[in-house]
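Chemist: This note's numbering puts the sequence shown at residues 32 to 143.
Certain hints may be false.
Under the rule of at most 30 Å between Cα atoms (straight-line distance), these lysine-lysine pairs were calculated in the BS3-like manner [unchecked claim]:
hint, residue 1, residue 2
1, 77, 54
2, 87, 54
3, 62, 77
4, 46, 77
5, 54, 37
6, 87, 77
7, 112, 77
8, 62, 37
9, 37, 87
10, 37, 77
11, 46, 62
FYI, nobody ran anything at the bench for these hints, they're computed from the structure.
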Amino acid sequence: MRAVTKLLSQITDNKLDLTSFAKDNGFLFAKHEIGIAAQGVAIRVKPIDALSTLNKIEHQNLSSIENLAPIALGCIPFDIKQPHDFVIPRIVVGRTPNNEEWITIIDDAEPD
Numbered sequence: 032m033r034a035v036t037k038l039l040s041q042i043t044d045n046k047l048d049l050t051s052f053a054k055d056n057g058f059l060f061a062k063h064e065i066g067i068a069a070q071g072v073a074i075r076v077k078p079i080d081a082l083s084t085l086n087k088i089e090h091q092n093l094s095s096i097e098n099l100a101p102i103a104l105g106c107i108p109f110d111i112k113q114p115h116d117f118v119i120p121r122i123v124v125g126r127t128p129n130n131e132e133w134i135t136i137i138d139d140a141e142p143d
């Protein structure tokens, strides 16, 4: 897998609406319009494999925002013996506290 991160302004002039981007079948982690939204599933991984899978993704950060990379999302049940997976989304968009907006795309995915 390979991923590219860019400033959202390199792709669109539209203002980012995190809730609208996530739609009813995506992922949303936001507070006061700061956070991330994601669409699609590039891969599902077991918790033990999440970090190694992320580290294997060839990533190119073309934005001016430091420390951006593909992420894995998941919910850990209270009983950790229950099965659970993490999802590495196909597309993640985000807004920082400085109002910088970015997008990470895995394997040339297109937004829904």
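Chemist: A separate judgement is required for each hint: does it hold in the structure or not?
Modeler: Hints, one by one, checked against the model:
1. 77 / 54: holds (25 Å)
2. 87 / 54: holds (29 Å)
3. 62 / 77: This hinted pair holds, its Cα atoms lying about 28 Å apart.
4. 46 / 77: Status violated; Cα separation ~35 Å.
5. 54 / 37: Status holds; Cα separation ~21 Å.
6. 87 / 77: With a Cα-Cα distance of about 15 Å, the restraint between residue 87 and residue 77 holds, given a limit of 30 Å.
7. 112 / 77: Measuring from Cα to Cα gives roughly 12 Å; hence the hint holds.
8. 62 / 37: The given pair, whose Cα atoms are some 22 Å apart, holds under the 30 Å limit.
9. 37 / 87: This hinted pair holds, its Cα atoms lying about 20 Å apart.
10. 37 / 77: It holds: about 28 Å lies between the C-alpha atoms, which stays within 30 Å.
11. 46 / 62: holds (17 Å)
Checked against the numbered hints listed earlier, the structure breaks hint 4 alone; every other hint is satisfied.
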